[in-house]
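Take the sequences, apply the hints, and build the full model.
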Amino acid sequence: MKCPIALALTTLLSAAAVASGAQLDGAPWGTGPATGLADSAALRATVFGTPPQDMAPLPAKVPLEEIDIVLPWARTVPDVFWFDRRLHVWFSAQDKPAPLAIVISGVGSDGNTSKLSTLRAALYGAGYHVLTIPSPTFPGFIVSASSTGVAGDLLQDGRDLYAAMQQIVAHLPRRVQITEVDILGYSLGGANAAVVKSIDAAEGKLKIHRAVMINPPVSLFTSVARLDQLFAISIGSGDSGVERLYKRLYTRLANLYRLSDRVPTDDTDLLAAAATVLKTDADFSAAIALTFRIALMNMFFAGDLYAGTGVVIDPKHPPRPGDSLEETARVLRGKPFSEYFAKVFAPYYLAHRPNSTPESLKADNRLDIIGATLRSNPDYYAQTNSDDVILDKPELAWLQSTLGGRIAVYDHGGHLGNLGERRQIADMLDMLSGRWQKSGQ
Amino acid sequence: MRAAVLVGLAALALSGCASQNVSIRSLPPETPAADNAAAIKNAAALAAVATAASHGATAEDSEHAVIPLTTADAPSMYSYDPWERVNRLTYRFNARFDEAVFLPVTYGYGHLPAPIRSGVHNFFDNLDEVKTIVNYAVQLQPAAGAHSLGRFLINTTIGIGGLFDVATKLNLESEPTGLSTTLSRWGMHPGPYLVIPFLGPATLRDGVGLLGDFGVAYGVNLAHLYRGEKTWIFGVVDAVDQRSNTSFRYYSTGSPFEYETVRFLYVHRELIEDDALHAKDHPKERDVGAPAGR
Chain P
1 MKCPIALALT
11 TLLSAAAVAS
21 GAQLDGAPWG
31 TGPATGLADS
41 AALRATVFGT
51 PPQDMAPLPA
61 KVPLEEIDIV
71 LPWARTVPDV
81 FWFDRRLHVW
91 FSAQDKPAPL
101 AIVISGVGSD
111 GNTSKLSTLR
121 AALYGAGYHV
131 LTIPSPTFPG
141 FIVSASSTGV
151 AGDLLQDGRD
161 LYAAMQQIVA
171 HLPRRVQITE
181 VDILGYSLGG
191 ANAAVVKSID
201 AAEGKLKIHR
211 AVMINPPVSL
221 FTSVARLDQL
231 FAISIGSGDS
241 GVERLYKRLY
251 TRLANLYRLS
261 DRVPTDDTDL
271 LAAAATVLKT
281 DADFSAAIAL
291 TFRIALMNMF
301 FAGDLYAGTG
311 VVIDPKHPPR
321 PGDSLEETAR
331 VLRGKPFSEY
341 FAKVFAPYYL
351 AHRPNSTPES
361 LKADNRLDII
371 GATLRSNPDY
381 YAQTNSDDVI
391 LDKPELAWLQ
401 STLGGRIAVY
411 DHGGHLGNLG
421 ERRQIADMLD
431 MLSGRWQKSG
441 Q
Chain E
442 MRAAVLVGLA
452 ALALSGCASQ
462 NVSIRSLPPE
472 TPAADNAAAI
482 KNAAALAAVA
492 TAASHGATAE
502 DSEHAVIPLT
512 TADAPSMYSY
522 DPWERVNRLT
532 YRFNARFDEA
542 VFLPVTYGYG
552 HLPAPIRSGV
562 HNFFDNLDEV
572 KTIVNYAVQL
582 QPAAGAHSLG
592 RFLINTTIGI
602 GGLFDVATKL
612 NLESEPTGLS
622 TTLSRWGMHP
632 GPYLVIPFLG
642 PATLRDGVGL
652 LGDFGVAYGV
662 NLAHLYRGEK
672 TWIFGVVDAV
682 DQRSNTSFRY
692 YSTGSPFEYE
702 TVRFLYVHRE
712 LIEDDALHAK
722 DHPKERDVGA
732 PAGR
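Chains P and E are the protein sequences, given in the same order. Using our numbering, you'd call the opening residue of the first sequence number 1 and step up by one each time. Using our numbering, you'd call the opening residue of the second sequence number 442 and step up by one each time.
Because the hints were derived from the structure by calculation, they are not lab data. Treat each hint with caution, since some may be false.
[Said to hold, decoys possible] Okay, derived cross-link-like pairs now, PhoX-like style, lysine-lysine, Cα gap no bigger than 25 Å in a straight line:
#1 P:K279 <-> P:K247
#2 P:K343 <-> P:K316
#3 P:K362 <-> P:K393
#4 P:K61 <-> P:K96
#5 P:K279 <-> E:K482
#6 P:K61 <-> E:K482
[To be verified] Just a sample of chain E residues kept apart from chain P, beta carbon distances all over 10 Å, derived:
#7 A578
#8 G591
#9 G660
#10 R668
All residues carry an ideal CB built from backbone N, CA and C; glycine is no exception.
Okay, structure coming up:
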């Protein structure tokens, strides 16, 4: 039973959750392709990511520091979140003056995902100091850094991120010399990055130069309903659907083990083995839908607790560290995003924003709240794929017409399925340094 | 001697700590180029395993045919955890201990030169071969036992007391086993989920296995390491070595459901291993209606 914990964290639903977890991140699905699902290649790319042989050249060694910070405005931490008092971010420093690249994670993810690790390596290799930070929808961020506790509002999340970034940058090791600041993000983090840059344009605290959005969503709320639809189609409603999926994956993984000569004992082997049990479009769709649902469960739980909306948590008797949350988890697994919006998000923001309506809240969560800036400011860039499953055709067209010559659209890759690939990395670095030319595509 | 160990621990812990509101910890550098090269190699190896496995599935040799499981054989999604309240509090204690003592000590330890750390790691791995050999013997697996005995002899002699893992370089790779696996071969179910103080997630069977394996080591008392005052130093260094080779971080999920997630993954992984151990039999008998592990 050597290293029991690490070995435990690599199987079954983690096959679904981990294999796609670092990759999904973007909440919403486009209305576009046929039934709302993307084609097989896009789903496969979304789940498995860039094949290792197609990765851009990466440096041999990247130094890494973890910075844990208690933010001055931190609210009282609820007992059940006792472990999220500090905000965790990761930093790689050059040993000479260099530009700083701040990278924001995708929906529900922390500041050290494998996607971030890939971007960190590429950016560090190109001479940047690299700071990777969690999504504002990650529970660790919600508890340690959010001013509301109710995540998912593009502008509010942007403000919280911006405030946290200022604190973090102020506390970077003294030896670090920064020549300029650029910002990036993947998936929802891409939209967050652009909003943060637009806030900084008014406030000027970080003087962010360029922003690159990697596979950003355009509309958060109007299309996220389709992810719920995907869940309903590929998994079924309620817990029985999740149980069926679990049994299918358990059986396949157990059979793979039974048929192979030896049981893999290494974490990496196990993870790879677990990923191979996902085979069909239905599996990929289920993995993607479930990954988003797991992220949503955390957001839902935190939002309900902070807003006191009482959907799954009794505001008068919040759970304590010794209490079982199995039943709460079971209930939340069955709850779609639309329910989070209707029962937690909207009640909270309607009460805090005079004159707002559910419709205006949804409209406020479209990237076109900064559309004019995106159109006119030459320092915003984007990369996406024409088969990105989170964008429908009108949304892709909107991005293209808004950014004009500052967006690269690749033919394949699904959602983030080409992150780290040679071309994606080369273009991203060119964008960050202002050298990128559309004609170069 | 104990005082010396405690002072040493405190010094290591302090060397890894920082101020109250902001702490900066140096982590081991990442090695993306090498990791990617390894990923390419692993992908190829796994493809080979998957191909071999699918051939195995269609093999006509009934002697070696493995009866595939069906979804009806899958255990419940819910884990058997009758001691949940205590387990949850132990999990929390472990997380706090990890943060306050274990991790800072491990970070301090990480500043020692790599050859020293790998020597320490190999040394403890080599000692573990003793319980592996004994368990293979009890499992009536003479070939595997001989393999481990070979590793032990090579590493103890040519590897200078186990400091160098020469055997792996000779393609005799480590294949550890323990009493928990032995008990599984005998048909014992994992039993209730159990969070062991300091060590972390386990099942009752794992807990019994750990005690039994320690009993074997204690009984053999190789090089008199397991008796007397030096056992303290020995135990602490073993623990620090194990922790520094485990990437798991408590609550890196940030999620209120981390306990449930870790429990699910731990228990079901163990059940999959049980199923693999009994590959040649019909699926191990289990009450799929009962919580997993019982």
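We went through each hint and held it up to the structure:
1. A hinted pair counts as satisfied when its Cα atoms are at most 25 Å apart, and K279 of chain P with K247 of chain P qualifies at roughly 15 Å.
2. A threshold of 25 Å between alpha carbons decides the hint, and for K343 of chain P with K316 of chain P the separation of about 18 Å falls inside it, so the pair holds.
3. Pair hint K362 of chain P plus K393 of chain P holds up; C-alpha atoms about 20 Å apart against a cutoff of 25 Å.
4. Restraint check for K61 of chain P and K96 of chain P: the C-alpha separation of about 16 Å stays at or below 25 Å, so the hint holds.
5. The straight-line distance between the Cα atoms of K279 of chain P and K482 of chain E is roughly 21 Å, inside the 25 Å bound, and the hint therefore holds.
6. Between K61 of chain P and K482 of chain E the CA atoms are separated by roughly 19 Å; this keeps the pair inside 25 Å, and the hint holds.
7. No Cβ of chain P approaches the Cβ of A578 of chain E within 10 Å, the least distance being about 19 Å, so the stated non-interface status holds.
8. Chain P leaves G591 of chain E outside its interface by the beta-carbon criterion, the shortest separation being 17 Å against a cut-off of 10 Å.
9. Listed as outside the interface, G660 of chain E is consistent with that label: its C-beta sits roughly 19 Å from the nearest C-beta of chain P, beyond the 10 Å cut-off.
10. At the 10 Å boundary, the C-beta of R668 of chain E stays outside the reach of chain P, the nearest C-beta of that chain being 23 Å off.
Consistency with the previously given hints is maintained throughout, with no hint failing.
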